[in-house]
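There are 2 protein chains.
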Amino acid sequence: MSNLKESLYQDRLVRLQQAMKQQGISGFIVTQNVDLYYMTGSMQNGNLFVPVDGEPIFYVRRSISRAVTESVYTVEPIGALKTLQQQLSSASSGSEEQPLVLATEFDVLPVAQFQRLQAMFPAAKWVDGSLIIRELRMIKSPHEIAAIKRAASVVERALASGLRHVRVGMPEFELMAHIEHQLRIQAHAGIMRMRAYNAELITGVVAAGSAAAVPTYFDGPAGGLGLSDASPQSASRRQIQQGEPILLDLGCMIDGYVIDQTRTAVIGTLPEDLQYAYDVAEAVLRATEAKLKPGTPCEELYLDALRQVEDAGLAEHFMGYGENRVKFLGHGIGLEIDELPVLAKGFKYPLESGMVIAIEPKFTFEGRGVVGIENTYLITDDGFEKLSISPEGVAYL
Amino acid sequence: MSNLKESLYQDRLVRLQQAMKQQGISGFIVTQNVDLYYMTGSMQNGNLFVPVDGEPIFYVRRSISRAVTESVYTVEPIGALKTLQQQLSSASSGSEEQPLVLATEFDVLPVAQFQRLQAMFPAAKWVDGSLIIRELRMIKSPHEIAAIKRAASVVERALASGLRHVRVGMPEFELMAHIEHQLRIQAHAGIMRMRAYNAELITGVVAAGSAAAVPTYFDGPAGGLGLSDASPQSASRRQIQQGEPILLDLGCMIDGYVIDQTRTAVIGTLPEDLQYAYDVAEAVLRATEAKLKPGTPCEELYLDALRQVEDAGLAEHFMGYGENRVKFLGHGIGLEIDELPVLAKGFKYPLESGMVIAIEPKFTFEGRGVVGIENTYLITDDGFEKLSISPEGVAYL
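The listed protein sequences derive, respectively, from chains A and B.
Residue numbers for the first sequence follow the numbering used here, so the first one is -4 and each next one is one higher.
Residue numbers for the second sequence follow the numbering used here, so the first one is -4 and each next one is one higher.
No lab work stands behind these hints: they were computed from the structure.
Even for Gly, the Cβ is constructed at its ideal location relative to N, Cα and C.
Accuracy of the hints is not assured; some may be wrong.
To be verified - Pairs of lysine-lysine residues, derived as DSS-like cross-links and limited to a Cα-Cα distance of at most 27 Å, are as follows: (1) Lys288(B) <-> Lys144(B); (2) Lys340(B) <-> Lys288(B); (3) Lys77(A) <-> Lys322(B); (4) Lys120(B) <-> Lys120(A); (5) Lys77(B) <-> Lys340(A); (6) Lys343(A) <-> Lys286(A); (7) Lys322(A) <-> Lys77(B); (8) Lys340(B) <-> Lys77(A).
As the list claims (entries may be wrong) - Here chain B is said to cover these stretches of chain A; the calculated rule only asks that three of the stretch's residues, wherever they fall, bring their Cβ under 8 Å from a Cβ of chain B: (9) 54 to 63; (10) 108 to 118; (11) 189 to 198; (12) 241 to 251.
Unchecked claim - Restraint ranges, calculated between C-beta atoms of paired labels, are given here: (13) Arg56(A) <-> Arg111(B): 27 to 35 Å; (14) Gly308(B) <-> Ala107(A): 38 to 46 Å; (15) Lys16(A) <-> Gln13(B): 49 to 57 Å; (16) Lys0(B) <-> Glu1(A): 53 to 61 Å; (17) Gln13(B) <-> Glu380(A): 58 to 66 Å; (18) Pro117(B) <-> Gln110(A): 17 to 25 Å; (19) Arg159(B) <-> Ser156(A): 20 to 28 Å; (20) Arg56(A) <-> Gln93(B): 36 to 44 Å; (21) Arg111(B) <-> Asp376(A): 37 to 45 Å.
Whole structure, please, built from the sequences with the hints as guidance.
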């Protein structure tokens, strides 16, 4: 293993153990595939035990041989968890002031698997460690930022190809299929990972006109009719028409890291009021950029944007229409598409250098379509770097 | 809503409520997207409350308007769960012989969301309802079987196109990209859903030679090197060579339903011992087919196959190599790729008419590749119907 790789994971471990110490956590059992990859370099199936002091051990179900190659930590077969169990129970016995406090990811771990962990460590008090690990992952290393930049290049090339390909009468899903193929032959892994329960995202939302404005379960500003009630979002069979907004909310996953960006296109020109809304979306993005620097509270960006769209007379259309509006302006991205921070009311985090955030002002017009723009930004020591490289402005085809 | 649709969902409700009655469950709170779709016809975000008697109510977070259109049951905003809470607590108070027993899906619901439900219904005793709903979904209706048949046609066309497309020196992921594009332009929804924690599947495994034999975390017989340690399965950048087995384990999702099948191809011919292993895989499939009828215990199919491959001298290579072997011969499919029943030791279910099962004898040769075959079958009243329509035998290219 390279020294670079070792120091990368060492840094993550130190930060995790610091947070554990502060919160009185004796051990963290990491279970989720993405968290395991982040902490060990391996996404094999198992549990990583991180003690508050000392070296973690990766207990692997399968593949053990592959985990040995990939992981920076010692790998043991999953059966060896019994040894850990004995060690922990003897260490915690007799010290009533220091109970065994174990953490795991309550936000993703299913109840049944948690109950198995509880049964294995009956003396432990369990706490939710998901915020710790999500906050850890919120600040990206140069290595991670480089991967997100590679994804940004891939998505730009696929978008450009898609814009050349689109024709009046083309079903949305055919345009989506073309773009996805362009992503895939550039080594996109096929989906963008999401952390939230029941959330699915393939490569984003490609939808036009009325179909784009159909609301859906997905926690984002653009819904989409989808291919059926069993996949009720994004591209549908509806044919793209002249003069209606085509929303291209696209991403991909390169070497584990996602990018997220949105562009608006139209065959011909947009109706005047939709062009106006698009221009307001860009203005919101510019006003937001002006505040993108360490120290700005995340919620301020959302609340300021709300005021700006209210002044522009578009509040009812902002980030969805009516009851279906979502209440955020942007979200962190990285290994998953729904990372911290969230630009929303109540998120008091100040921006920090190393955060990577997708900011996506959009306006929905029922029966007519969705317009907007989205870029991914890196927060730097003195401001920001725009990671999305696609040309801005409505793409008139 | 059509009468047909109504009676379909009515039947599912009756069967769920019968199982609840047998197990003393007062109410079932369905939370998972696929289970919600199965029970209501809608995949919007929310909780379905199913009382042991009477009509369910679908409490929806978003999109309410879309759920109203899609769901066969009454839709209420998620806030109305408070009313349910009051009704249930008053109904259960004062009847100590009949405590409030609530079920939900412990196998998929994250701990944090379960704790919120527990806090909402503090008097309830909670039980795991996942097996009930998975057993319900195990028996397919004609409507579901028709969707799986459509998926079987889609995958055959994509496979045939892929076999025409493959060339010596083509990276595995380019072949995968081509096939996925063929799937997607036939309205494949982009992924195949899996129920298991941390499990991901895009469209299956396309891998050749040594890369196909690399083990991975995925609970299946074929692994694959993958594109990076962050997506460590299926197609990789490795170039396909002459004379090595190309594994095409493919599926897609059409109208919510998946198909799963595997074919083996080669440019030129296979080494003799791998051709022999392929022939044994087909022989295992034929022997299994002979027992595919209502009444046969699921585990018997697996145990018989084990004996057959032992007699053939291939036990060490069956369903993975060495420590990385998986311990099943097949699995139910439907809305998800990992449904019941499982053809594995300990699964005593007798086969029943209406089950749909993918059966996949495969052999792994470390450093050399994976050969095998997989078909999806419907169990009928007097035997089986093969739903996979792709030609069998090694495809010599």
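Structure-based check of each hint:
Of the supplied pair hints, the one linking Lys288(B) and Lys144(B) holds, its CA atoms being roughly 19 Å apart against a limit of 27 Å. Between Lys340(B) and Lys288(B) the alpha-carbon distance is near 18 Å, which keeps this suggested pair within the 27 Å criterion. With a C-alpha separation of about 23 Å, the suggested pair Lys77(A) and Lys322(B) falls inside the 27 Å cut-off, and the hint holds. For the proposed pair Lys120(B) and Lys120(A), the alpha carbon gap of about 21 Å is at most 27 Å, so the pair holds.
Between the alpha carbons of Lys77(B) and Lys340(A) the distance comes to roughly 24 Å, so the proposed pair stays at or under 27 Å and holds. At roughly 15 Å between alpha-carbon atoms, Lys343(A) and Lys286(A) fall within 27 Å of each other, so this suggested pair holds. For the hint pairing Lys322(A) with Lys77(B), the CA-to-CA distance comes to about 23 Å; that is within 27 Å, so the pair holds. Taken as a hint, the Lys340(B) and Lys77(A) pair is honoured in the structure, with Cα atoms around 24 Å apart against an allowance of 27 Å.
For a cut-off of 8 Å, the count of residues in the segment 54 to 63 of chain A with a CB near a CB of chain B stands at 6, and the three-residue condition holds. As drawn, the segment 108 to 118 of chain A meets chain B at 3 residues by the rule of a beta-carbon pair under 8 Å; at three or more, the given contact holds. A stretch counts as covered by a chain when three or more of its residues have a beta carbon under 8 Å from one of that chain; for the segment 189 to 198 of chain A and chain B the count is 5, and the coverage holds. Counting residues of the segment 241 to 251 of chain A whose CB lies closer than 8 Å to any CB of chain B gives 3, which reaches the minimum of 3, so the coverage claim holds.
A beta carbon spacing of about 29 Å between Arg56(A) and Arg111(B) agrees with the range 27 to 35 Å that was offered as a hint. For the pair Gly308(B) and Ala107(A), the beta carbons lie near 39 Å from each other, so the given range of 38 to 46 Å is met. Checked against the hint of 49 to 57 Å, the C-beta distance between Lys16(A) and Gln13(B) comes to roughly 52 Å, which is consistent with it. The given range of 53 to 61 Å is respected by Lys0(B) and Glu1(A), whose C-beta atoms sit roughly 58 Å from each other.
Checked against the given bound of 58 to 66 Å, the beta carbons of Gln13(B) and Glu380(A), roughly 60 Å apart, stay inside it. Checked against the hint of 17 to 25 Å, the pair Pro117(B) and Gln110(A) passes, with Cβ atoms roughly 19 Å apart. Against the hinted window of 20 to 28 Å, the Cβ-Cβ separation of Arg159(B) and Ser156(A) comes to about 23 Å, which satisfies the hint. Checked against the given bound of 36 to 44 Å, the beta carbons of Arg56(A) and Gln93(B), roughly 41 Å apart, stay inside it.
Checked against the given bound of 37 to 45 Å, the beta carbons of Arg111(B) and Asp376(A), roughly 39 Å apart, stay inside it.
Hint compliance for this structure: every hint is met.
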